[in-house]
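Here the protein sequences come in this chain order: U and F. 1 is the number of the first residue of the first sequence in this note's numbering; add one for each residue after it. 177 is the number of the first residue of the second sequence in this note's numbering; add one for each residue after it.
Keep in mind that the hints were calculated from the coordinates and are not lab data. You may find that some hints are simply not true.
Simulated crosslink set (EDC-like; lysine to aspartate or glutamate; CA at most 16 Å straight-line) [unchecked claim]: (1) U:Lys-138 - U:Asp-91; (2) F:Lys-294 - U:Asp-76; (3) U:Lys-89 - U:Glu-33; (4) U:Lys-96 - U:Asp-134; (5) U:Lys-103 - U:Glu-126; (6) F:Lys-296 - U:Asp-76; (7) U:Lys-96 - U:Asp-141; (8) U:Lys-92 - U:Glu-126; (9) U:Lys-100 - U:Asp-76; (10) U:Lys-54 - F:Asp-285; (11) F:Lys-290 - U:Asp-150; (12) F:Lys-295 - U:Asp-150; (13) U:Lys-100 - U:Asp-150; (14) F:Lys-295 - U:Asp-91; (15) F:Lys-287 - U:Asp-77; (16) U:Lys-154 - U:Glu-167; (17) U:Lys-103 - U:Asp-141; (18) U:Lys-96 - U:Asp-127; (19) U:Lys-138 - U:Glu-162; (20) F:Lys-287 - U:Glu-162; (21) F:Lys-290 - U:Asp-76.
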Amino acid sequence: MGDGENVVQKEFRVSLFERTKDKVNGKLMLGIEAFFSKPASYLKENWIEPMQAKHRGNYYHRRFRRVPTIDECLVDDQLCMYEANEQMKRDKMVDKQIVKHLKIRFDECRRKYQDGAQTRCYQTYEDWQNTREDFLVKWGDMPPQHSALDVYYKQVHRMIHERRQRENPENKQKSV
Amino acid sequence: RRISLSKVVRGDYPNFWGPGHIGVPRFGHRLKDYHFHDHILQYAWIAAVPVALMGLYSLYIGPAELKDIPEGYEPRHWEYYRTPVQRYMHKWLYQSYEQAYERNLHILDLKYRKAESKKKYWIVSNHMQTNFRYKGWYYLIDRRIEDVLMFDELQKKHGMFREYFYGRPPMDRSNPTDRHM
């Protein structure tokens, strides 16, 4: 009392009616959920898990070796081109999942900080958008049935374009 | 027992094939409904049996746990899947990813080698057609080279020349200019 630093400053006060409503609703909803989940949890933990522990197996994730890319292949070497194509598809899938998980992080952040998302979630948003842009720069604007050669030549054309812009700064284009 | 009253109350007009007029009360056909219901159930049972069996099998065995691949161990191709039904299918019914990959590589290899031979054949025959007027323009394949190489290989491998028709003396290769007749 009289101590300005340790006094709890309440910005708002919840009424008794609102508090009872929160408790009842919380308990009601939790009770309904427990009515369905408690028997299932009991059965799973006490009967099914021990039964499965005897026969269950292990599973692993595939590991792929790095093979030569399309720029290291000889012309008309079908085997090398096939392997490079498969590697390209795998790398594309990996990059797709990366972009997807960054969006999931952003959505989780928004769910956590409901009204404060504008300030507290901007980093996640930036990460997602930048990765998305890089993904489109690397893998976008391809024909539907594209191969490793198409991706490689896109990179080649892009590097040539950048070099020309650097060499001739008078004709420097503004970034779109 | 339910009676569909809609056709009584609303005076639904009768079927073309039925007798009567608007206003005649029409009751639902219970036997027809039961007959249809039986057909539906029979159709559903056809799929329900394998689904239930697969479900019980999965429940008994349980899903697999994700682990790191231990050193010096190459997992079988069905050990890359989680559910027991998937593992069963990939173990007994389906072919592995590596198998399909190698098969595709083999097919491409055959096509590549055939195409390379065809290219060379086309070049040589084109050359022969353009230079038909010159003496000595023809190029015949010397098939004795393959025999010599095979002979050397077998000598190294077995120490003797294994022939199907053994007991015959080997060829006389002292005079290379004589042609086979």
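Just to be careful, I want the Cα atoms of Lys-92 of chain U and Glu-126 of chain U compared with a cutoff of 16 Å; is the pair within it?
Violated - the C-alpha atoms of Glu-126 of chain U and Lys-92 of chain U are around 21 Å apart, more than 16 Å.
Is Lys-295 of chain F within 16 Å of Asp-150 of chain U, Cα to Cα?
violated, 26 Å
Does Asp-77 of chain U lie within 16 Å of Lys-287 of chain F when you go C-alpha to C-alpha?
holds, 11 Å
Has the given pair, Lys-103 of chain U with Asp-141 of chain U, been kept, meaning a C-alpha gap of at most 16 Å?
violated, 21 Å
Pair hint outcome, Lys-100 of chain U versus Asp-76 of chain U [Cα-Cα no greater than 16 Å]
Violated, because 36 Å separates the two Cα atoms, which is more than 16 Å.
With the threshold set at 16 Å, check whether the alpha-carbon distance from Lys-290 of chain F to Asp-76 of chain U stays at or below it.
holds, 13 Å
When you check the alpha-carbon spacing of Lys-287 of chain F and Glu-162 of chain U, does it fall within 16 Å?
violated, 40 Å
Holds or violated: Lys-96 of chain U to Asp-134 of chain U, with C-alpha atoms at most 16 Å apart:
At roughly 11 Å apart (the allowed maximum being 16 Å), Asp-134 of chain U and Lys-96 of chain U satisfy the hint.
Does Lys-296 of chain F pair with Asp-76 of chain U here, judged by a C-alpha cut-off of 16 Å?
Satisfied, since the Cα-Cα distance of roughly 14 Å is no more than 16 Å.
Are the Cα atoms of Lys-290 of chain F and Asp-150 of chain U separated by 16 Å or less?
Violated, at roughly 26 Å.
Mind checking the alpha carbons of Lys-96 of chain U and Asp-127 of chain U for me, to see if they're no more than 16 Å apart?
Answer holds: Lys-96 of chain U to Asp-127 of chain U is near 14 Å, not above 16 Å.
Pairwise hint evaluation, Asp-141 of chain U against Lys-96 of chain U, where the allowed Cα distance is 16 Å at most:
holds, 15 Å
When the structure is compared with the earlier hints, violations turn up for hints 3, 8, 9, 10, 11, 12, 13, 14, 16, 17 and 20 and for no others.
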